[in-house]
Amino acid sequence: MECLIYRGFTRELHPVYLYLESKDALDRIPKEIKKSIRKLEYSFSFDLTPERRLERVSAAEVLKALSERGWFLRVDSNESENLLEELTGKAGADNPKL
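Residue numbers for the sequence shown follow this note's numbering, beginning at 1 and rising by one.
Keep in mind that a hint or two might mislead.
[Said to hold, decoys possible] With beta-carbon atoms standing in for the labels, derived distance ranges: (1) LYS34 with VAL57: 12 to 22 Å; (2) THR49 with ARG11: 18 to 28 Å; (3) GLU51 with ARG11: 16 to 26 Å; (4) LYS64 with ASP24: 13 to 23 Å; (5) LYS23 with ARG52: 15 to 25 Å; (6) THR49 with LEU13: 26 to 36 Å; (7) GLU68 with ILE5: 33 to 43 Å; (8) MET1 with ARG56: 13 to 23 Å; (9) PRO50 with LEU13: 25 to 35 Å.
Everything labelled a hint here was simulated from the structure, so no lab data went into it. All C-beta atoms, glycine included, are put in the ideal place defined by N, C-alpha and C.
Take the sequences, apply the hints, and build the full model.
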């Protein structure tokens, strides 16, 4: 599956990586999350397979999220769990682990 990567920052300037199944998936991201990400820009695309090694997340987890909703959010920080909860608190109440 082709995977598009967009990069941005939280308000606290922690790197954020948005994995998308297609450019159209940008429209499916909740407004609260979009508002929380600064300077979201396209970085690159690659072929994502279950065997592919990714940093800080498993390919299987990303593939599952892409097939279910079209996007996956990764926040790089020592406090990434708290930041993810903060970013997705309102938007991800039905699915807190994004």
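Going down the list of hints, with the structure as the test:
no. : hint                         : verdict
1   : LYS34 with VAL57: 12 to 22 Å : 20 Å, holds
2   : THR49 with ARG11: 18 to 28 Å : 34 Å, violated
3   : GLU51 with ARG11: 16 to 26 Å : 35 Å, violated
4   : LYS64 with ASP24: 13 to 23 Å : 19 Å, holds
5   : LYS23 with ARG52: 15 to 25 Å : 21 Å, holds
6   : THR49 with LEU13: 26 to 36 Å : 32 Å, holds
7   : GLU68 with ILE5: 33 to 43 Å  : 18 Å, violated
8   : MET1 with ARG56: 13 to 23 Å  : 19 Å, holds
9   : PRO50 with LEU13: 25 to 35 Å : 32 Å, holds
Hints 2, 3, 7, counting from the list given before, are not met by this structure.
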